[in-house]
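If you want the building blocks of each chain, they are given just below.
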Amino acid sequence: MRSFLTIIKLDYLTRIRSYSFLITLCATLAISYTFVPEPNASYSTIRIGDYVGNYNSAWFGYVTAMMSSVFLSLIGFYLVNNSIQKDVKTKVGQILATTRIKNFSYLLSRVFSNFLVLITIVCITFLMSILLFILYNDGFDFEILQFVKPYVIIALPAIFWISVLAVLFEVIIGRYTVIQNILFFVLFSFFLLFSSQDKMKYNLDVFGNKIVMNAMEESVRKLLPAHKTSKMTIGYVLGNTTKAKKFNFEGIDFPSSFIASRLGWIFFGVLLIAIVTPFFHRFNTKERTSSTKTKQHIVSSFGSREVILSQLPKPQIDQSILPLIKTELFLLIRKGNKWLWMVNAIGMILLAFLNIEVAHQMVLPILWFLQVHRLSDLTTKELENDVFYFTFSAFRPLRRILISQIIAGVILMIGLAFPLLFLYGCLLDINALMFILLGAIFIVFLALFLGIFTQTKKLFEILFFFITYANINKIPVFDYFGGISPNRMQILYVSALVIGFGTMSFLKRRSDLRR
Amino acid sequence: MKLEINNVSKRYTRKKYGVQNFSLTVEKGILGLLGPNGAGKSTLMKMIATVNKPTEGIILLNKNNIVKDANYMREQLGFLPQDFGVYPNLNAFEFLQYIAAIKGVGGSGLKDRIEKLLEGLNLIDAASKPIGSYSGGMKQRVGIAQTLLNNPKIIIFDEPTVGLDPEERVRFRNLISDLASQSIVILSSHIVSDIDMIADTVAIMKNGTLITQGNRQDIIDHVEGKVFEIKIEDEAVSEFKNQVTTLSTARYKGKTTIRYISDTAMSNSRPQKATLEDAYLYLTKN
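From first to last, the protein sequence lines are chains A and B. The UniProt record's numbering puts the first residue of the first sequence at 1, with every later residue one more than the last. The UniProt record's numbering puts the first residue of the second sequence at 1, with every later residue one more than the last.
One thing to keep in mind: the hints can contain errors.
Label pairs and their in silico Cβ distance ranges [what the hints assert, rightly or not]:
1. A:R510 - B:E167: 58 to 64 Å
2. A:K89 - B:E167: 28 to 34 Å
3. A:N284 - B:S238: 41 to 47 Å
Worth flagging that the hints you see were computed from the coordinates, not collected in a lab. As the structure is a computational prediction, the values presented were derived from the model and not from experiment. Glycine is no exception: its CB is placed at the ideal position from the N, C-alpha and C atoms.
Looking at chain A on its own, in the form it has when it is part of the complex (with noise of 0.2 Å):
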């Protein structure tokens, strides 16, 4: 048990001690704070009809554990979904596989210390929820009780079941990546879904919102007239502005039966866990490989054969970056499955063949997405394959290496949206391909400067996710193509957000290089 424990702690030590890790917790405590809405904001999270609740202790209680279970289930999955692909990396779990621990116990200690990684960032937002309590005072009384209370009950077994998952889909398919992403986020949605079903029971949402959003619908309805519903929003809605009526809620008592069933959701965690145990590799992951024919290892010694000095060609100076911008573009095809070049000769398809509109709104952002992993390690590449001495050593690195690396970026992103720009320009308009080309740069950039300032490539990926998620559900503020709201004050504000985005890139690297 001693020791179990251990491999849990070491491994969430080992996870948190990053600068990403730190830049996550930042990010954490920035998104949180936008959990209840100062009074005057233009945006609201939870809201029930017109109506949101007292600023009281209940109120920041619930609303923040509630956001926290479902955007901390949504973003937490991609935080968590390697921990078993790092111990394969770094080639400790080979050194595991040779132990006597148990696949049960290992899998499990890689969800709890998913759970752990997961519990540090909801301690972040419970905090906040208190500052932001004391911040917009209200006159109530603080009640502990109203904070913990949900937090314990409602977000913490939905991180849990999150980290369970995060296991489950690294043992299942834990080589595609993309297909664990995707996947993960079809079965958030069907969650989601099917949480805000009026005849679901209590008992069956892993978010264990359900029971809260249904006690806040029963106070409102009975301010409001017979005749009148109100339904229930939760997520960001923005241009909100409409002043809201108060209604005071002051928490729930839990029925024993739901708090049960919360902890039926972390046994059957536990269970799924045992059942695909068999099915975990045990790091005997070059045997598997092999065995799908896709890499084949090739030696060969030195030979007879000798580098004869005399006999080279006299190689001749040339700063040319284009060679770069054709590697650069190599590696960025090259990356990831090939069957992902189908998913996006049909998503060019749509755009090519679909409403105009619907093209735009819907598959560019989508077909963009799915080029996440390509993107994400655009200038983390050189640390993350060792090749950082060469780069960082070589000829003009800034001018030269960062800026072919922008351009292959920006040509896939554009190359991919092509049938769309063709279109447009058939139709004329300039705008709307100033936007999309202006989408194009702008994720380019914004993963170089997450890349540069984080050295990792997840922060990207969730932000990256995040957005597009945004997009989707039309958020305008969020819209970086101009497919929801194409007008000139958001495309100063993308060209902007590029300019920022590329000048500390441009600064950090200068100064990495210095160093």
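Mind docking chain B on chain A? Use the hints.
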């Protein structure tokens, strides 16, 4: 061609140095860098290769300060780091084309030069296969090929023989000897025999400082006449080891042969011809 390293230090914290007050001048030929793990060899090489900057001191190449003008060094540098990587999705030809572009080298002869390098290193048959599928020794040879792309005048090899089998090591040593006729070659290795056979000058480092430098014989002179061998019973080994600096031990049929270093020979000892390895072990142990 002259490389001058003047009072170079790399300081990590107030008291912790990777390299401290290192001074050395190198001209055409092979400089062998020896030292235990953590001696600062890689740190020094990275500073010469302009990957890292020294916190103190200057490095001059033909009187040009490369700490300020890194591009002067980079134009004529070939560097093989100890733990370099490759892009597994590229094949050897594409990877070398990429590195050539990074180095600012191109022109009509580049393709031919890459092909000849691949041929000479016996990689031509696998040149169109992704490097991700190569064995460790083949990747190391791709690394060696990339150092030679720009006809370098200064070549730095950090632990180049790691992953090479004995035959490959021999061929690699021949290549280095060839290179040394027109360039400065700086070579670090844990394998003393690699340095012993080809280095014109040997420098030994310990704890970030230069302990000694000179040609092979200068280094061996430190221990000449002080190396002995003795055969003793197994039970007496640990007590004997406490009295002298042991270089090596070998056990055979209940007796242990100890090669040791001492100003005076112990009874029943036989004097031995000193080697570079003896000198290296003596200098780094004391």
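(request) Using the Cβ atoms, figure out if K89 (chain A) sits within 28 to 34 Å of E167 (chain B). (result) 32 Å, holds
(request) For N284 (chain A) and S238 (chain B), compare the CB-CB distance with the range 41 to 47 Å and indicate the outcome. (result) 43 Å, holds
(message) Assuming the hint says 58 to 64 Å, is it satisfied by the Cβ distance from R510 (chain A) to E167 (chain B) or not?
(response) 45 Å, violated
Of the numbered hints listed earlier, the single one contradicted by the structure is hint 1.
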